[in-house]
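Sequence order for the protein chains is U and A.
Just remember that our numbering sits 15 ahead of the position in the first sequence, which is counted from 1.
Just remember that our numbering sits 356 ahead of the position in the second sequence, which is counted from 1.
Just so you know, not all the hints are guaranteed correct.
Said to hold, decoys possible - Okay, the calculated beta carbon distance ranges per label pair:
| hint | chain 1 | residue 1 | chain 2 | residue 2 | range |
| --- | --- | --- | --- | --- | --- |
| 1 | A | 468 | U | 356 | 36 to 46 Å |
| 2 | U | 28 | A | 527 | 44 to 54 Å |
| 3 | A | 572 | U | 210 | 28 to 38 Å |
| 4 | U | 367 | A | 517 | 44 to 54 Å |
| 5 | U | 232 | A | 403 | 33 to 43 Å |
The hints are simulated quantities; they were obtained by calculation from the structure and are not laboratory data.
Every residue, glycine too, gets a C-beta built ideally from N, C-alpha and C.
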Amino acid sequence: MTIWEYVPLAEYTPPTPSVKAISENWFAELRRRFGAGKAQAEPFEERESLKALPAWQLQRIAPAPAWRAAAQALDVRLEHWLADRQSQHIPLLFIGPPYSGHVEILQLWAELHDWRVIEPPASEEVFAGDLSWLSDQIVDDQPWVFPHLERTYLRHTEGLGLIRRFFDQVYAGNLGCGLIGCDSWGWTFLRRFWPEHLSNTLALRAFDEKLLSHYLQALASGGEDQHLLFRQSDNGKYVFPPPEDVAVNGSVHHSDYMQRLAVHSRGILGIAWTIWHNSLRIEPDEEIAEEAQAEAVDLPGKTVWVAPWSQIKHPVMPPGAIRHQAFVLHALLLHSGLTGEQLAQVTPLTADEVTEMIYLLQNARVLAESAGFWRVTAQGYPVARQFLVDNGYPVDEF
Amino acid sequence: MNGANSITDILALNQDNLIAIALILVGAWLLIAANQRIFPWLASRVPNQHRNFFLAGEPVLRLLIIMVSVVLIVTRIIDPTFENLVVLLSATGLALGFAFKDYISSLLAGVVTLYELPYRPGDWIAVNGAYGKVRSIGTRAAEIVTLDDTVVVIPHLKLWDQLIYNGNDGSRNLMCIADFYLHPDHDAARVKQALYDVALTSAFLQIAQPIFVIVQEKPWGTHYRLKAYPIEPDQQLNFVTDMTVRGKARLASLDVRFAQLPVFPGQME
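Generate the whole structure from the sequences, applying the supplied hints.
Shown next, in the form of structure tokens:
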């Protein structure tokens, strides 16, 4: 099974929910809206007999996605483009939703091919609209990769000059051969500046249930035949198809966890992995002593329990101040993260209101800060996106 | 006319029927009252994008309740033969036609309103100088809430002979316009681009919809009309305010002067 596959943007389709999942979500939403259901807001009730996996076991069973294989697979997709790159005047666009790994893939791909990676401009350079930021980095017609197109603008009256000049250079073919990466939300804004006939765009295929199961199972086995069993902790159903010696007469029940995970995460690997990572549990007596780590003790035949979907504590949008929350979330997604100061510049909120919203959304685990930038969290992304849809906001196509 | 010489002859108004009619009326009234509460309650709890659908369901269900009630009552008190119906309708039509002409006209227009949908709950309409959001559509009249939070009752009768302006026509797309009046001595292309960006960078903007900047030269200067769509029609005032405030700041940063008052009254247009 090919895990890493790239498709033209127009052919990208996120996983679709089953009728059962739609109806269950619908009832859960009704219960929430009409005040009957508080289950979503309640913390996950940890079964006493189960405990979270220690970090080292998690690292072994569910390590973070390594994007190198994805970067190598990009070569296959770009074979013709690379062969003909001398005549390519318009860069190729690689669009990806948050946490889909498109930035990491492009950076690794550039490393593999020894292409120059262009750093995004600083906020001051965006406001100045000065292309010297770019000219300093593109030299002698060397091919280049620019993974952060969404950092080239700010949704501000004086924040669009740079992106216009950048695209002017792109259309004129002055930048030579390059590969541009852009966040899917930033692209919903920036495509206004990009001519439709230049449809040289691609995206990493969405991870549906089958692909996600295959990938996460392969991650757990670490490429070896370890036969770890993953079962749902409330009913014992198998999350992945179990080995043949366990499946007796085909009577093994299969959990719908993976299907729900694929749909909930919209096929975005980084989001699916985060939820998966937080769902794993183990019996206390199956924990392997830390000193055994060094001996690389295997876990063949052991069972790793997976929290049932209904008990996973997904972030919930805080009540009240809907409009202000929407301003903050939409701005953060459009720019793939902003500082508090930038948030006040691109929304009609005052600095105090921005601080209040950040605090509110951070407490709800929808936002998190990293290196001074506030971003929507991987677990908060599905709920934030749905919140914006419910309030009529334009959303990305992913 | 054979078999039915007067209204009283064809009406079966005995005690049992009167009690049944009273029960039907009370039942219909209770259903309508419940209907008037349940639909707005549901509308307030569904996502914004589905709100108008629920609001629009209330008058339709009310009409159905009224029609069913009328049919139940009529069939209970008369034998619905052709002759009886002619006598009954002639008599009631004559009486109502004189006494409640406008009222009946409004009721009929109300039925037409539900069919033709010139306005629905949630629409932003202007009738006879009153502009506001349709709050409810009654049997006789519609209620709108103006931007100044004043309720205006508009009889459906206006449908027959008045122009009704509907800003969003059942959708969420309501065009808003911010006006800028500038001194004529400036680079119009640059200002047009700057105002376009003002709309494009508004947090209220529905980005999937187009933005227009209309430029007209006037005797007193240049009139710019910045047209765009907000995400929520209810946010139109905030959207126009946002575009105006940021537009003025942007124009000031470009050293563009604003038009002064016209020398002669009436020159503004």
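Hints versus structure:
no.: 1; hint: A:468 - U:356: 36 to 46 Å; in the structure: 56 Å, violated
no.: 2; hint: U:28 - A:527: 44 to 54 Å; in the structure: 26 Å, violated
no.: 3; hint: A:572 - U:210: 28 to 38 Å; in the structure: 29 Å, holds
no.: 4; hint: U:367 - A:517: 44 to 54 Å; in the structure: 53 Å, holds
no.: 5; hint: U:232 - A:403: 33 to 43 Å; in the structure: 36 Å, holds
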